[in-house]
Amino acid sequence: MATDVTVPTDLWEGDLEAVITNWLASDGQAVKQGALLAEIMVEKSQFEVTAPADGTLTITQAADAIVRKGDTIGRIG
Amino acid sequence: MALADALDWEAARLADVASGRAGSAALLWQCERALAVPAAMRSRPGFDAACARAAGAGWPVHLRATGGDVVPQGPGVLNLTLVFMQPKTDGHMLDAAYLRLTAPIVAALAALGQAASHAPVDGAFCDGRFNVAIGGRKFAGTAQRWRPMPGGHAVQAHALMLLDGPDAGAVDALNTFYADCGIDRRIAAGAHVALADLRAGAAEDFVRCLSRQLA
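Those protein sequence lines, which keep their order, are chains A and B.
Heads up: the first sequence begins at 1 in our numbering, then just goes up one per residue.
Heads up: the second sequence begins at 78 in our numbering, then just goes up one per residue.
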């Protein structure tokens, strides 16, 4: 069963847009839970997005994509 | 201290807090003349050429881990880095971390009789909602990096404060860097205010007051 990689929902108030500034893991890469996958930026703050599970990463939102809280940016299966 | 050493210190303390080895850390620091650029800008077309030109003009480029935009460093700049754990709450965590960072700055300015507010400033470098502004001009810029940890996040919060400047050389270095990276943005020196603009001795008094706030 796949696990979604999502933009955290509890970091900021309101409907601010964030941008995926960087993927630090590649599409198709095997990742371990807790590994740094991507960075997203909002309000001049860079947030580290980590793997929620072990598995193979599928990137569904590329770098520079605009995202909001709760959006799925990848999957681990 | 050297900018590279300050950036290394920040990375090490963030790792310490995220791993539970330390609860918090704070550092007031100054460094040599340079441009500090968010690492995320590396992927921009023209970035390598922009770095080479800046270095040739006396503004070596260093990559930093926080968000935001290009900033000038040098003898006219005072930096404050706080690293701490931000527990999970129902929200406002980002704002809370910015307010924790800027509270001692605002208090130190108040001790000097200067009212300050949080506001974006058109034409300022690395502009943002949590600038510390005096009279509508940018005095301090802020940025953060967040790392998940059990029970919350480890936060590296950074403020850049203007003791002097930015001078024409710094503004030219910023605008040239933007242009070389294909970024349509212009910085105006007049959008900023430094302690040296307020009165003689303000910088020394501010550093003393800020150090007391952090003690």
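I should point out that these hints are in silico values taken from the structure, not numbers from a laboratory.
Any given hint might turn out to be false.
In silico DSSO-like pairs for lysine-lysine, Cα to Cα no more than 27 Å straight-line [claimed, not checked]:
| hint | chain 1 | residue 1 | chain 2 | residue 2 |
| --- | --- | --- | --- | --- |
| 1 | A | K32 | B | K165 |
| 2 | A | K32 | A | K69 |
| 3 | B | K165 | A | K69 |
Agreement of K32/A and K165/B with the hint, judged by alpha carbon distance not exceeding 27 Å: Satisfied, since the Cα-Cα distance of roughly 23 Å is no more than 27 Å.
Pair hint K165/B and K69/A, alpha-carbon separation not exceeding 27 Å: holds, 15 Å
Pairwise hint evaluation, K69/A against K32/A, where the allowed Cα distance is 27 Å at most: holds, 23 Å
Checked against the numbered hints above, the structure breaks none of them.
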